[in-house]
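One line per chain: the protein sequences are A and B, in this order. Using my numbering, the first residue of the first sequence is number 1, and each one after it goes up by one. Using my numbering, the first residue of the second sequence is number 1001, and each one after it goes up by one.
Mixed in with the good hints, there may be bad ones.
[Stated by the list, open to error] EDC-like, lysine to aspartate or glutamate: derived pairs with alpha carbons at most 20 Å apart:
(1) A/Lys-788 <-> A/Asp-871
(2) A/Lys-386 <-> A/Asp-370
(3) A/Lys-177 <-> A/Asp-567
(4) A/Lys-177 <-> A/Asp-317
(5) B/Lys-1093 <-> A/Asp-946
(6) A/Lys-386 <-> A/Glu-471
(7) B/Lys-1093 <-> A/Asp-789
(8) B/Lys-1093 <-> B/Asp-1104
(9) A/Lys-788 <-> B/Glu-1097
[To be verified] Now the stretches of chain B that chain A is said to cover, found in silico as 3 or more residues with beta-carbon under 8 Å:
(10) 1004-1010
(11) 1023-1035
(12) 1038-1046
(13) 1049-1056
(14) 1064-1074
(15) 1088-1100
[Said to hold, decoys possible] Now the stretches of chain A that chain B is said to cover, found in silico as 3 or more residues with beta-carbon under 8 Å:
(16) 640-647
(17) 657-669
The hints are simulated quantities; they were obtained by calculation from the structure and are not laboratory data. Glycine residues also receive a C-beta, built at the ideal position from the N, C-alpha and C atoms.
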Amino acid sequence: MVSWSSQPNRLLITEFHRMNLPLVVLTPFIGAILTAWVARFGATRAAWTAGGSALLAVVLLAPSLPVPFGGETILQRWTWIPQVGVDLAFRFDGLGLLFATMILGIGLLIILYARYYLSEDGEQPQTGLGRFYAYLLLFMGSMLGVVLSENLILLLIFWEMTSLSSFLLIGYSYESKEARKGARMALTVTGLGGLALLGGFLLLGEMAGSYELSVILTQGDAIRADPLYTPMLVLILIGAFTKSAQFPFHFWLPRAMAAPTPVSAYLHSATLVKAGIFLLARLFPVLSGTPEWSWLVIGAGLSTLLVGAWFALFKHDLKGLLAYSTISHLGLITLLFGLGTPLAAVAGIFHIMNHATFKASLFMAAGIIDHECGTRDMRRINGLWKFMPYTATLAMVAAASMAGVPLFNGFLSKEMFFSETADFFMHFAWGWVLPALVVVAGVLAVAYSLRFIHDVFFNGEPIDLPRTPHEPPFWMKAPVEVLVGICVLVGMFPAMTIAWPLRVAAASVLQAPPPSFDIAIWHGFGLPVIMSLIAIVGGILVYAARGPLFRLADRLAGTLDAGAVYDRIIGWLIGFAGAVTNGLDRGSLQRLAVIFVLSVVGIGVAGFLGSGSPLTGPRALLPIDPVSLFVALALMTVALATVLLHRRRLTALVVIGAAGLLVALIFVKFSAPDLALTQLSVEVVTIVLLLLALYFLPQRSPDESGWPRRIRDLGLALLAGGGAGALTWAMLTRPHVSISDFFLANSVSGGGGSNVVNVILVDFRGYDTLGEISVLALAGLGIYAMLKDLQLPGLQRDSRGRPWSWDAHPSIMAALTRLLLPLALLVSVFIFLRGHNQPGGGFIAGLITAVAIIMQYLTNGVTWTHQRMSDNMHPLIGAGLLIATLTGLASLALGYPFLTSAFSHIHWPIVGDFELASAMAFDLGVFLVVVGATLLILIHLGLMHDASHPGPTLREEPR
Amino acid sequence: MEALMSLIVGVLSACGVYLLLRARTFPVVLGLTLMTYAVNLFLFASGRLTIGAPPIIREDATQYTDPLPQALVLTAIVISFAMTAFVIMLALKARAELGNDHVDGRADREESA
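The following block holds chain B by itself, in its conformation from the complex (with noise of 0.2 Å):
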């Protein structure tokens, strides 16, 4: 289950380091996304991986997944939408002002659009 795991997160990264590395805003915000599932998860395992046992007391359960990691990832998801929030406007802002969806501004490359 744990290089499963990995596996994952080495995915999600590739494609999202991929993605970052293209030339139009919203290719860029798509890879940001994936990034964000990749390193939200790898935080998430930070606690190791534990089946069966959420952390929620009760009186019969004997053992308890690590709650720190969930704790930081539950405010870390919605951090996250609001960080991909403030790019896509900040994209829509730029192809406003100058006229193109290209990372630098640039409108030397014509548009199939």
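Same shape as in the complex, but just chain A (with noise of 0.2 Å):
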């Protein structure tokens, strides 16, 4: 329990909360994976799947409601990784409370209208729509991530998580070019930005010594003192404004338009560009009250409000002008935070909320006017009022309360945003300048806004629509309903409603009391209200005279157009990519391994030479004995009869094997059993895996290469050759020093096992070996995906013109294989259990094993051995990484580190003393994925020989 009596927010550690922050996040996380498979099921039930999980979430979250209205935060905490200050922490308290309030209340207003709104699109296949609720409820979790996070880093983990989810749900409809465009832009521009954060987010916590904001949010006047201030501002604004659509990063907020309707609503009113602004918000105790802040804010937010203002006027698509009427307001909220005052900030976080109400409401009207014409050109939309008298009364409250027109909650804050811009310069000269642009951009937002009314809904008779509108259905027009009721509660009853909320969260951004404010309708008649008169008169009268400014509009375009910069930067980085990799590659594989073996070796020598030092070292040399000779040198003779006779392969691959054995030998030789045995059953399978490749590819290789050729191959090989074996020599004749006294000292009293190398593989480097099976399974699927489908011709005559035999298999081979399997699976079984003590293990257990099923193939068929065996080998895969995985699950729920390993010694009779260890049941998942994976394999180019041969197949053999 730590508590600051002192400080206005107490910080408040309950147990009894139960760490359902973590969970509310989690939610929305497995509600999509959840709504994906449901989505089979059909669009309505993936819909109320995906609005559980929301509700859930809510539910989750509703015991911490209270909280922060007594000036409590909560925080709970994982560790996760202490030793660099990365914890699974979060935080509950005003300003989360308000985020996420919005996420989740707008998110579940969406998942009802997306049903309507996306039902009736008759290309879309109804999984389809269990795609758009996975994605955005990815996109849910994300933004919950955000605004829930204690820790910075984690804070930073859940941002990305935004770009990549919004980058899905921009992208949705994927056939459309123009939506995968916006949605790589919107990447490009948030991740970027998020690069820039991460730096901006590792100087800051150095500097506060922590990562949790709890204690960062203590340290403002340390931070601002710091020598670092200004890079790590410039960098952690550069993450917000990408995000928040501010000049110049802003262009690629009207691109993700290419989203469908509700993901625009969501992301552009609530979420993902209000990210950068609570980024802002939080960190405004710490980083605000610099010169540098206020021109960097201010400036971006002036700018982005008036360039914002400006072109949203000139759009004639619907959903233009409300996404540059967006960025427009996240100027006017970056501004107001820009200025610093706590006063500015209250009016900031106000606009946040009544910007979110009305702005996704305003998209949604657009969705339906969009849905029922058929278009969203306002040229072509006109007089709706007519045909949906109902729908347009929501949406011109909407639009009325975006212009700031009085009894709306838009008014409010936009009085309040005027009032703090009037005050905040007027002791400076030249002060006036940022009132008055303020109003300007005022008269454009009341400009726009009527447009949006009068266009749509008035202004004539509707032109060439492709449909004949009528109002939507219900349920599509009940979100609106809602968002505009409380547009319209907010703007008259302020202080019954919002004050409350509003000082809270206040509390929370400031880290102090907030400031006293009045929010009411009437103020009296003072500069404030001047402003909001100017804005409205001017507005209608620049609606008025539009004809002149559309025609200048007309002119300008394509001027401040940062699209333009962007795709210019983007070409000339991928023509320069390009040109990197034709000078390099120039698609020969020839060319790119002489390219390697020549910098491996440069890297090499130049390494060594550089060094200094001398090549052979002090250590003491082992005595030559003859069969150690022996083998060597046979060794030696069989990898250059490879590379002589390489061009007869089937010839080389026999010579090969030989290699394999006698690799085999050295393990014995030199204390490697384990090797020895790995090294001998692994050589069987890989030759019968080339044997069965070989039979489809041509026999001989042809006589290619020129002279030249092969000298220069010649030189690069001794040269690769000398340098490997000189590093060979050079560390073999130096003393060694290792980290393997302790595995050898805790072999047996930890891991319960005399063989070290089985106890290093399933105990003390489990985690490893659960990676190795995992990549081995994920070969063999690979393979699999790879095989399936594929066609190869098998051959009738082999390469000296001789007809294949189509024989059946010797019967007395077939006979012995048939008697061997048992024998062979029993030795397999004891070379399993024995592994954890002697030479074994599940590795070559599972080779052991694969190795006696591959000779049931070979000698008996694939049709008798399939009689009595499946050859799907997924379950198999699937059950050991399952084993694996579950044995180090089951150490962790028990309160150890992943995969500890347990054991203990029983008492079997005849059998004796026996050992039981957990890592046994490790080394089975190790078993049956080996099994599998290699089976899995070979079976099916096995099967391939069978599907390729033309003439008597072996079907019909006599058994």
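Since each chain comes alone in its own frame, lean on the hints to assemble the complex.
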């Protein structure tokens, strides 16, 4: 329990809240997976699942809801990587409350709305809706993570996840080029911002000495005095500005309008673009209050406000208008935070809420209009009042709120905004410029809101619409009604509705008692009222005189287009990358291999020459015995023979098989029985594999390398071989300090096994082994995917023109292998069981089993074998991975680190003392994966043989 | 003995690199196999060469060889099998789809098969 009574926001770590915040964040992610699955049972069920997940998150959050109102902050944490100060720490305070409410509340409305918006798209299959909801929930979870994170690094992870999931959402209609381009652009810009943000967060964390917000927020003075304050500020602001589409990074937002309208309504009202604003609010007490902050944030906010408002007026696309107006309003909020005064921050938070409500309802209304008319072009959509008066009323109220008309919520925050800008610079020379520009933006805002109302709902008759519009279904209007209802309620009774939550949110943003403010519709006749009046009257005048302005805008089109700059930069980058690739690669593996070998040798030689140490070290050497000499000579002969014979492929393959056996002998010689066993069994399966594959390849390599190339390759080979040999010599003659003493000392006492190699594999480094069997499983599945649907012609004749033999399998061999199978399996079990204490274990036992079964295929044929066992190896691989993972999780559940081994000795009659270690279960998982993956590869290659035989098949063989 | 081991690694690498630079898929796979032997032996040798001291705990043993490189190499052997399998299947796939077994997928030279 930590509490600072001197602080207004007491920190409270409560046990009885039972870690609900991580669950709140996790619920949408689980819901996403569930929804994607449920979607196969119909769109309505997918919508219910998605809505249910969001509701469940609300229910989980409910017990915490009253806490911020008591001025307290909930912190909940799981330790994760304490060494670098990264914990799964979550935080719930007034700002988190505000954002979580918006994310979940508007999210629920969007889920309802999307069910009706997307359902009538005849081309979209129903699983498409499942995909939509899954992405939406992914995004919702990421967003909740951002606003509920206590740890900066955790916040950043969720931040990047919002970038990724919004990429999926914007590119939802992936058949459309525009959607793909918009999604890529949004990802590039916000992703680059995320990178900058990472740098900024690392600097900030180092300055504060912690990555925990609760610590950082108390260190404002120290951080502002830090010499690295400015670079840190710039990096964090780049992150926030790219996300919140601030000028000059605003260009991605209008292109993101290629997304379905429910996505735009969600992303651009309450969530994605507000994440940047959230960051400004969250770090406000730490970063603000310096000239750098004021200039950068006010500058960005003011230019965004003006640029957005200007372009919004001239967009003919309904969503384009809303997109630019969103940019403009984001600039407004940024500007407020830039002013840096407590009251300005309060106004900023207030406008976050108001903008979310009216913009979400406007986007939904635009979606309804698009849905009903089949177009969003305002030059064609006119006079809709006659067709849908009810929707028109809703949209007009929301638009009036956007314009800042009294009695609606947008008016209240805009008044506060005017008042703050008027006050802030009053004592500066040229201080009047800011309020003047702000009024210009206000005039434009009124004008574009008026255009939205007048052009769409009045202004004559609709022109050539693809559909005849009428009122949408009830459930499509309901979300808009709710939001517009909030706009009106807050607008008319601010003191009774919004004042308290606003005060709570403001306290947590400022980390201090909020300034006294009074939200009312009428404050008396002052400067803000005059500014509002000018804005409204000016807006009406500008709209009335829009003809010349539109012509001016047409002339200016193309200037100030940051998107074009972006396209040029991206084009240049792609060109550069292509040039580098072409310079090195040219689509030739041989060329790349030469470059690779040369660079490796070059780097090695440079490192050796640079170190200045002698080639030979001081270690005492072992004497050479005749057997070793013979084995070594044989191995080298075999390697050289493989090279000399490589064009006669079958011969080369037989020769190289001997190499593997000789390598196994080397392992035997130098005290590595486990390796020898492994090498031996792998050798068998490798040769079988290569033999099977060779059937489908030419039997001989053509003689196509000229002498110059051969001599060049020989030179390279000698260089590489000489280097490898010299390196081995240098290593072997030097003394050796190993960390293995720990393994040797703890193998029996800690791992319960005396075969140290096996204990390392299944216990000390079990996590690595888990990774390795995963790779094995993936390789098997990858090969399966490659072989599926692959048609290869089989051979009719061999390289000398002799016809292929269709003889059945030799009966004696077939009978013998059938007898051998149980014996081989018994050996396998034996090797497996003793593996923990004697040479053996899951890898080797798995390979032996695989070899035994492959033998049946080879001698008895596919048909015979498949009558007796399934060729479906996927369950085996899956079970293996599952068992290995569950073994690890079991120890985690018992409170030990992942994959901690437990063991005990039990007494079996006759057998004697028998040791049972949990590592055995893990080894069983290894065993199953090895068997499964090896058989998967070989059986499917063998099945292709069967399929490719053109003549008499093996199916009719006598038994 | 150390010289012999170095020679083996050197010869295996040289043969492997030569085959790796060939123009057809099958010799390249053979080259990769030889390289695998060389690399595995090198990794194994990084625990230095010890005779008659397997890393199996016994009461009468006085010394053990280094078990760590052995554990590394054991998995490396199995993984390299998976890798060899993957590469050879890739070669089959390329042969099926491009109609030749040149590493660059070019059919500009006649095949003798």
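Checked hints:
Of the supplied pair hints, the one linking A/Lys-788 and A/Asp-871 holds, its CA atoms being roughly 14 Å apart against a limit of 20 Å. With a CA separation close to 16 Å, the supplied pair A/Lys-386 and A/Asp-370 stays within the 20 Å bound. Of the supplied pair hints, the one linking A/Lys-177 and A/Asp-567 holds, its CA atoms being roughly 15 Å apart against a limit of 20 Å. Among the hinted pairs, A/Lys-177 with A/Asp-317 is consistent with the structure: their alpha-carbon atoms are about 18 Å apart, no more than 20 Å.
Of the supplied pair hints, the one linking B/Lys-1093 and A/Asp-946 holds, its CA atoms being roughly 17 Å apart against a limit of 20 Å. With a C-alpha separation of about 10 Å, the suggested pair A/Lys-386 and A/Glu-471 falls inside the 20 Å cut-off, and the hint holds. Taken as a hint, the B/Lys-1093 and A/Asp-789 pair is honoured in the structure, with Cα atoms around 10 Å apart against an allowance of 20 Å. Distance restraint check for B/Lys-1093 and B/Asp-1104: the Cα-Cα separation of roughly 13 Å lies within the 20 Å cut-off, and the hinted pair is therefore satisfied.
Taking the CA atoms of A/Lys-788 and B/Glu-1097, the gap is near 13 Å; set against the 20 Å cutoff, the hint holds. Beta-carbon proximity to chain A at under 8 Å applies to 7 residues in the region 1004-1010 of chain B; the threshold of 3 is reached and the given coverage holds. Against chain A, the region 1023-1035 of chain B contributes 10 residues with a C-beta closer than 8 Å to a partner C-beta. That satisfies the three-residue criterion, and the hint holds. With 7 residues having a beta carbon nearer than 8 Å to a beta carbon of chain A, the region 1038-1046 of chain B meets the requirement of three or more and the stated coverage holds.
Counting residues of the region 1049-1056 of chain B whose beta-carbon sits less than 8 Å from any beta-carbon of chain A gives 8, enough to reach three: the coverage restraint holds. For the region 1064-1074 of chain B, the stated coverage by chain A holds: 9 residues have a C-beta nearer than 8 Å to a C-beta of that chain, and at least 3 were required. Counting residues of the region 1088-1100 of chain B whose C-beta sits closer than 8 Å to any C-beta of chain A gives 8, which meets the bar of three, so the coverage hint holds. Here's how the region 640-647 of chain A fares: 5 of its residues keep a CB closer than 8 Å to some CB of chain B, so the rule of at least three is met and the hint holds.
Counting residues of the region 657-669 of chain A whose beta carbon lies closer than 8 Å to any beta carbon of chain B gives 6, which reaches the threshold of three, so the coverage claim holds.
Violation of the numbered hints given earlier is absent; every hint is satisfied by the structure.
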